[in-house]
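One line per chain: the protein sequences are P and G, in this order. Sequential numbering of the first sequence, starting at 1, is according to the UniProt record's numbering. Sequential numbering of the second sequence, starting at 1, is according to the UniProt record's numbering.
Derived from the structure by calculation, the hints contain no laboratory data. There may be inaccurate statements among the hints.
[Unchecked claim] As a list, the in silico DMTMM-like pairs of lysine to aspartate or glutamate whose alpha-carbon atoms are at most 20 Å apart:
| id | chain 1 | residue 1 | chain 2 | residue 2 |
| --- | --- | --- | --- | --- |
| 1 | G | Lys6 | P | Glu248 |
| 2 | P | Lys128 | P | Asp160 |
| 3 | P | Lys128 | P | Glu94 |
| 4 | P | Lys105 | P | Asp93 |
| 5 | G | Lys79 | G | Asp48 |
| 6 | P | Lys203 | P | Asp21 |
| 7 | P | Lys205 | P | Asp24 |
| 8 | P | Lys214 | P | Asp193 |
| 9 | P | Lys105 | P | Glu94 |
| 10 | G | Lys6 | P | Asp193 |
| 11 | P | Lys214 | P | Glu28 |
| 12 | G | Lys35 | G | Asp48 |
| 13 | P | Lys214 | P | Asp258 |
| 14 | G | Lys6 | P | Asp93 |
| 15 | G | Lys79 | P | Glu83 |
| 16 | P | Lys128 | P | Glu88 |
| 17 | P | Lys128 | P | Asp93 |
| 18 | P | Lys74 | P | Asp146 |
| 19 | G | Lys79 | P | Glu88 |
| 20 | G | Lys6 | P | Glu88 |
| 21 | G | Lys79 | P | Glu94 |
| 22 | G | Lys79 | P | Asp89 |
| 23 | P | Lys105 | P | Glu177 |
[As the list claims (entries may be wrong)] Reference listing, derived: stretches of chain G covered by chain P, where coverage requires no fewer than 3 residues with Cβ under 8 Å from a Cβ of chain P:
| id | segment |
| --- | --- |
| 24 | 5-14 |
| 25 | 72-81 |
Computed from a prediction, not measured in an experiment: that's the story for all the values here. Ideal Cβ placement from N, Cα and C applies to all residues, glycine included.
Spelled out, the chains give:
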Amino acid sequence: MANALELTAVSKRYGQTSALDGVDLTAEQGQTIAVLGPNGAGKSTLLSIALGLLPPTSGTAAILGHPPVEALRKGLVGVLLQESGLLEDVRVDELVTATAGMYQKPMPVERALRAARADGFAAQRIGKLSGGQRQRVRIALALIGDPRLLVLDEPTVGLDVDGRRALWQEVRARTGEGRTAVFATHYLTEADDYADRVILLAKGKVVADGPVEKIKELVGGSEVHVTLDAAEVGVLQALPGVRQVRVEGGAAVLRTNDSDATLRALFATFADARDVRTAGTDLESAFVSLTGGN
Amino acid sequence: MGSYLKLELLRSVRNTTGLIMLTVFPLVLYLLWTKVLRVVPAGPQQVDFAAYTMVSMAVYGAMGGALFIGGAIAMERSKGWLRQLAVTPLPAHGYISAKLIAGATGVLPSILVVLGGGALISGVRLPPGTWPALVVLIWVGVMPFAALGVTFGYTMNGQAANLAMIAVFFGLSVLGGLWLPVQLMPEFMRTLAEYSPAYQAGSLGWRVLAGDWPTVKSLVVLAGWTLLFSGLASWRYRRAL
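Build out the structure end to end from the sequences listed, making use of the hints.
In structure tokens form, the structure reads like this:
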């Protein structure tokens with residue numbers, strides 16, 4: 001069985017800057033894969049190359065064993081792009097119906113509209129829709145061909161809770177039938193909740209690839225910020241739960257798997273520990289630590 | 001492509017602004033010249049003038065319709081709709097074909113309404129066979145402008161393309177003698193006009209009023225422009241892919 005998506009040693013350079021650097025990615029059928037990374041990590045570039053919209057500087061891409069453009073023409077892929085436009089002067093159902101006609105075996109228009117929660121405004125002109133409603137139309141357009149591979153770039157941007165829930169429910173139902181979904185996001189929780197596998201991208205490189213738990217070990221946990229008179233990295237590092245220590249002047253930042261245990265030990269060890277606060281790891285700073293950048 | 005063509009046809013029917021600009025406007029201009037203003041003295045000359053201007057205004061409206069196919073392409077391109085289409089099974093040539101077919105169909109009302117105004121309001125009388133011949137000749141005559149429009153549509157963005165096309169539209173209309181007959185132009189301008197595409201598109205219709213076939217020069221000049229515009233259009237289109 002061909003892989004749903006296969007990227008081999010894909011690089012993309014714009015002059016001196018490297019947007020993607022030797023990325024390998026193999027998505028087996030039936031998987032839900034999150035491409036996770038901060039803004040500018042190369043997620044959209046990666047998806048554009050995977051879809052044949054952008055030529056790679058080197059490397060190859062294939063979808064279900066076909067060159068990407070051929071797979072698109074065959075209707076094997078449903079895509080939601082970040083900045084795609086819609087026709088303003090037609091109704092939602094008219095646009096979705098016209099798009100359905102381009103595929104060999106589309107799903108019924110009503111079903112796509114319902115799955116995207118766009119059925120409530122199907123008879124409205126697209127020019128009159130709000131940003132969130134337009135995103136639902138894009139989702140309906142991605143689903144309408146009943147594709148074997150879904151590629152979604154930041155699909156939940158502008159969606160409310162109901163819209164998100166509906167989208168992920170549909171994605172799950174599809175992957176349950178052996179279809180594949182690849183989505184890009186910069187929300188860790190989204191990857192956590194809905195992906196079987198996470199590909200962590202930073203500065204154009206895959207810095208981690210594996211099940212969600214493995215990634216969470218790398219970037220999850222929380223941070224303890226503390227001010228100390230004499231912060232000794234070695235001692236701090238030995239506190240329970242601590243994975244990583246950063247000292248800046250009199251302030252230390254401890255990355256920990258178990259903030260309760262770390263705090264107890266911190267107060268017991270350092271009588272002068274003050275200005276203590278804990279914070280969840282934000283993804284951006286986690287990436288910085290993972291990629292060893294500044 | 002069928003379903004997309006259907007959508008495009010629906011859009012061109014719904015485009016009221018476009019229909020008014022390219023149907024009602026030429027008709028009103030036509031009636032102004034033939035029914036309100038006294039451009040030529042009453043009598044046989046008036047009748048000839050009514051028929052001549054009818055063709056001019058029909059060509060004028062139809063030419064605009066053909067050109068602005070490209071305006072729509074430019075808008076859709078700059079709004080990212082072509083990005084969306086690129087991830088559907090519809091190939092790029094399917095999009096452009098649907099645009100051209102729907103656009104060419106959308107040109108017909110301009111022709112029919114002005115000819116209708118000529119026949120019903122301004123008293124133009126022609127042999128029955130001449131009417132359908134006029135429709136076909138005007139329709140075919142403005143097709144080079146569709147190619148010119150596509151060139152603009154794939155070269156310039158949104159509003160800029162539309163502005164450029166308005167300038168080209170009026171420039172070529174005036175030069176082609178659609179607003180005022182070329183007979184009124186000074187010698188050098190007249191020579192220039194006779195090699196312009198709008199004049200030759202008009203001349204197909206003007207000659208058939210008198211029962212004459214298109215001249216060889218007309219056909220050669222029109223074919224030349226068509227080749228040039230189509231070449232430019234396909235070059236710009238390929239570049240944009």
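Outcome of the hint check:
{"no.": "1", "hint": "G:Lys6 x P:Glu248", "result": "violated, 65 Å"}
{"no.": "2", "hint": "P:Lys128 x P:Asp160", "result": "holds, 18 Å"}
{"no.": "3", "hint": "P:Lys128 x P:Glu94", "result": "holds, 14 Å"}
{"no.": "4", "hint": "P:Lys105 x P:Asp93", "result": "holds, 18 Å"}
{"no.": "5", "hint": "G:Lys79 x G:Asp48", "result": "violated, 47 Å"}
{"no.": "6", "hint": "P:Lys203 x P:Asp21", "result": "holds, 8 Å"}
{"no.": "7", "hint": "P:Lys205 x P:Asp24", "result": "holds, 9 Å"}
{"no.": "8", "hint": "P:Lys214 x P:Asp193", "result": "holds, 14 Å"}
{"no.": "9", "hint": "P:Lys105 x P:Glu94", "result": "holds, 18 Å"}
{"no.": "10", "hint": "G:Lys6 x P:Asp193", "result": "violated, 41 Å"}
{"no.": "11", "hint": "P:Lys214 x P:Glu28", "result": "holds, 19 Å"}
{"no.": "12", "hint": "G:Lys35 x G:Asp48", "result": "holds, 13 Å"}
{"no.": "13", "hint": "P:Lys214 x P:Asp258", "result": "holds, 16 Å"}
{"no.": "14", "hint": "G:Lys6 x P:Asp93", "result": "holds, 13 Å"}
{"no.": "15", "hint": "G:Lys79 x P:Glu83", "result": "holds, 9 Å"}
{"no.": "16", "hint": "P:Lys128 x P:Glu88", "result": "holds, 8 Å"}
{"no.": "17", "hint": "P:Lys128 x P:Asp93", "result": "holds, 14 Å"}
{"no.": "18", "hint": "P:Lys74 x P:Asp146", "result": "holds, 12 Å"}
{"no.": "19", "hint": "G:Lys79 x P:Glu88", "result": "holds, 10 Å"}
{"no.": "20", "hint": "G:Lys6 x P:Glu88", "result": "holds, 16 Å"}
{"no.": "21", "hint": "G:Lys79 x P:Glu94", "result": "holds, 19 Å"}
{"no.": "22", "hint": "G:Lys79 x P:Asp89", "result": "holds, 13 Å"}
{"no.": "23", "hint": "P:Lys105 x P:Glu177", "result": "holds, 16 Å"}
{"no.": "24", "hint": "5-14", "result": "holds (count 5)"}
{"no.": "25", "hint": "72-81", "result": "holds (count 4)"}
Hint check: violations occur at hints 1, 5 and 10; the rest are consistent with the structure.
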